[in-house]
Amino acid sequence: MVRLQKSIDKRNALIKATIKLVNNNGFHAAPMSKIAKTASVSPATIYLYFEGKQDLVNKTYLEVKSSFTTYAFATYTKDVDIESGFKKIWYRIAEFKLKKCDEAMFLSQCDNTPMIDEDCRKEGIKHLQPLLDLWKKGKEEGIIMPLSDYVLYAYTINPLSFLMVAQKRGVFKLTKEQINAAYTAAWNSIKKNNKNK
1 MVRLQKSIDK RNALIKATIK LVNNNGFHAA PMSKIAKTAS VSPATIYLYF EGKQDLVNKT
61 YLEVKSSFTT YAFATYTKDV DIESGFKKIW YRIAEFKLKK CDEAMFLSQC DNTPMIDEDC
121 RKEGIKHLQP LLDLWKKGKE EGIIMPLSDY VLYAYTINPL SFLMVAQKRG VFKLTKEQIN
181 AAYTAAWNSI KKNNKNK
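Sequential numbering from 1 applies to the sequence shown in the working numbering.
Misleading hints may appear alongside valid ones.
Restricting the straight-line Cα-Cα distance to at most 20 angstroms, the calculated cross-link-like pairs of lysine to any residue (SDA-like) are [claimed, not checked]:
(1) Lys53 <-> Ser33
(2) Lys99 <-> Ser161
(3) Lys192 <-> Asp149
(4) Lys10 <-> Val41
(5) Lys126 <-> Thr77
(6) Lys168 <-> Gln178
(7) Lys100 <-> His127
(8) Lys87 <-> Leu163
(9) Lys126 <-> Ala74
(10) Lys20 <-> Arg169
(11) Lys20 <-> Asn112
(12) Lys59 <-> Lys100
(13) Lys87 <-> Pro146
(14) Lys100 <-> Arg169
(15) Lys139 <-> Ala154
(16) Lys10 <-> Ser42
(17) Lys137 <-> Tyr153
(18) Lys88 <-> Leu174
(19) Lys137 <-> Tyr155
(20) Lys192 <-> Ala154
(21) Lys34 <-> Asn24
(22) Lys87 <-> Thr184
(23) Lys59 <-> Asp119
(24) Lys122 <-> Phe73
(25) Lys88 <-> Ser189
(26) Lys78 <-> Trp90
(27) Lys53 <-> Pro31
(28) Lys173 <-> Asn158
(29) Lys37 <-> Tyr49
(30) Lys99 <-> Tyr76
(31) Lys139 <-> Val151
Label-pair distances were calculated between CB atoms; the ranges are [said to hold, decoys possible]:
(32) Lys6 <-> Val165: 31 to 37 angstroms
(33) Lys100 <-> Asp9: 18 to 24 angstroms
(34) Ser40 <-> Glu63: 18 to 24 angstroms
The hints are simulated quantities; they were obtained by calculation from the structure and are not laboratory data. Even glycine gets a Cβ: it sits at the ideal position worked out from N, Cα and C.
Input sequences plus hints: build the corresponding full structure.
The structure is reproduced here in structure tokens:
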């Protein structure tokens with residue numbers, strides 16, 4: 001049992017080290033030797049858990065993505081109306097990005113660079129299925145504009161990453177009012193303007 005826990009701890013240390021180094025130095029400036037040193041393990045230990053650097057980064061991405069989406073959808077249920085469901089998910093995503101800044105920053109880096117394999121990226125998208133299903137239903141009901149999911153994500157979720165980075169740099173403060181304003185802007189950017197509403 002102790003040996004198993006040590007093994008889990010080493011693997012977790014490697015995941016954390018990868019997140020830290022990729023965030024601070026970028027993917028290419030995070031060699032295996034540096035990851036091992038930051039995790040306080042020998043470089044050979046990495047190969048007990050991962051096939052190589054690409055595998056380590058891909059698996060780190062999927063673990064963080066899974067943790068992110070588990071958090072995002074924890075309070076969401078399908079029985080609510082489209083706007084209420086979107087609001088619930090959006091605020092949970094905002095909360096994750098503010099509470100777990102390092103993980104959110106890592107995901108943002110992965111989303112904006114080619115460092116993740118395409119198969120792994122597709123696997124990551126599956127984690128967002130409840131949100132994609134909500135948007136699909138919203139489009140079918142004429143509540144959400146008939147836009148690509150990529151465009152919907154770009155207008156509603158990506159701005160949170162920009163604001164998170166701005167806050168981390170100390171040039172912007174995400175107050176409750178600012179978060180509420182960001183939500184309103186996100187929803188207004190994708191909702192269909194029905195005259196009778």
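Tested hints:
Annotation: proposed proximity of lysine 53 to serine 33 holds, straight-line Cα distance about 10 angstroms (limit 20 angstroms). In summary, the hint linking lysine 99 to serine 161 is supported, as the alpha carbons are separated by about 13 angstroms, within the 20 angstroms threshold. Taking the CA atoms of lysine 192 and aspartate 149, the gap is about 15 angstroms. The hint holds against a cut of 20 angstroms. The hinted pair formed by lysine 10 and valine 41 meets the criterion: a straight-line CA distance of about 7 angstroms does not exceed 20 angstroms.
A threshold of 20 angstroms between alpha carbons decides the hint, and for lysine 126 with threonine 77 the separation of about 18 angstroms falls inside it, so the pair holds. At roughly 15 angstroms between alpha-carbon atoms, lysine 168 and glutamine 178 fall within 20 angstroms of each other, so this suggested pair holds. For the hint linking lysine 100 to histidine 127, the alpha-carbon distance of about 18 angstroms falls within 20 angstroms, and the restraint holds. For the hint linking lysine 87 to leucine 163, the alpha-carbon distance of about 18 angstroms falls within 20 angstroms, and the restraint holds.
For the given pair, lysine 126 sits about 16 angstroms from alanine 74 by alpha-carbon distance, which is consistent with the 20 angstroms threshold. At roughly 16 angstroms between alpha-carbon atoms, lysine 20 and arginine 169 fall within 20 angstroms of each other, so this suggested pair holds. For the given pair, lysine 20 sits about 17 angstroms from asparagine 112 by alpha-carbon distance, which is consistent with the 20 angstroms threshold. A C-alpha spacing of about 18 angstroms is found between lysine 59 and lysine 100, which places the hinted pair at or below 20 angstroms, so the restraint holds.
A threshold of 20 angstroms between alpha carbons decides the hint, and for lysine 87 with proline 146 the separation of about 19 angstroms falls inside it, so the pair holds. About 16 angstroms separates the Cα atoms of lysine 100 and arginine 169, which keeps this hinted pair within 20 angstroms; it holds. The straight-line distance between the Cα atoms of lysine 139 and alanine 154 is roughly 16 angstroms, inside the 20 angstroms bound, and the hint therefore holds. In summary, the hint linking lysine 10 to serine 42 is supported, as the alpha carbons are separated by about 10 angstroms, within the 20 angstroms threshold.
Only pairs whose Cα atoms come within 20 angstroms are accepted, and lysine 137 paired with tyrosine 153 is accepted, the gap being roughly 15 angstroms. Simply put, lysine 88 and leucine 174 have alpha-carbon atoms about 18 angstroms apart, close enough for the 20 angstroms limit, and the pair holds. With a C-alpha separation of about 18 angstroms, the suggested pairing of lysine 137 with tyrosine 155 holds against the 20 angstroms cut-off. Between lysine 192 and alanine 154 the alpha-carbon distance is near 17 angstroms, which keeps this suggested pair within the 20 angstroms criterion.
A threshold of 20 angstroms between alpha carbons decides the hint, and for lysine 34 with asparagine 24 the separation of about 12 angstroms falls inside it, so the pair holds. At most 20 angstroms may separate the alpha-carbon atoms for a hinted pair to count; lysine 87 and threonine 184 meet this at roughly 9 angstroms. Taken as a hint, the lysine 59 and aspartate 119 pair is honoured in the structure, with Cα atoms around 12 angstroms apart against an allowance of 20 angstroms. Restraint check for lysine 122 and phenylalanine 73: satisfied, since their Cα atoms lie roughly 19 angstroms apart, inside the 20 angstroms limit.
The straight-line distance between the Cα atoms of lysine 88 and serine 189 is roughly 17 angstroms, inside the 20 angstroms bound, and the hint therefore holds. At roughly 15 angstroms between alpha-carbon atoms, lysine 78 and tryptophan 90 fall within 20 angstroms of each other, so this suggested pair holds. A hinted pair counts as satisfied when its Cα atoms are at most 20 angstroms apart, and lysine 53 with proline 31 qualifies at roughly 8 angstroms. Annotation: proposed proximity of lysine 173 to asparagine 158 holds, straight-line Cα distance about 17 angstroms (limit 20 angstroms).
About 16 angstroms separates the Cα atoms of lysine 37 and tyrosine 49, which keeps this hinted pair within 20 angstroms; it holds. Between lysine 99 and tyrosine 76 the alpha-carbon distance is near 19 angstroms, which keeps this suggested pair within the 20 angstroms criterion. Proposed proximity of lysine 139 and valine 151 is supported: the alpha carbons are some 13 angstroms apart, at most 20 angstroms. Evaluation of the 31 to 37 angstroms hint for lysine 6 and valine 165 yields a pass: the beta carbon distance comes to about 35 angstroms.
Range check, lysine 100 to aspartate 9: Cβ separation about 19 angstroms, and the 18 to 24 angstroms hint holds. Distance hint check for serine 40 and glutamate 63: the Cβ-Cβ separation is about 19 angstroms, which falls inside the suggested range of 18 to 24 angstroms.
When the structure is compared with the earlier hints, no violation turns up for any of them.
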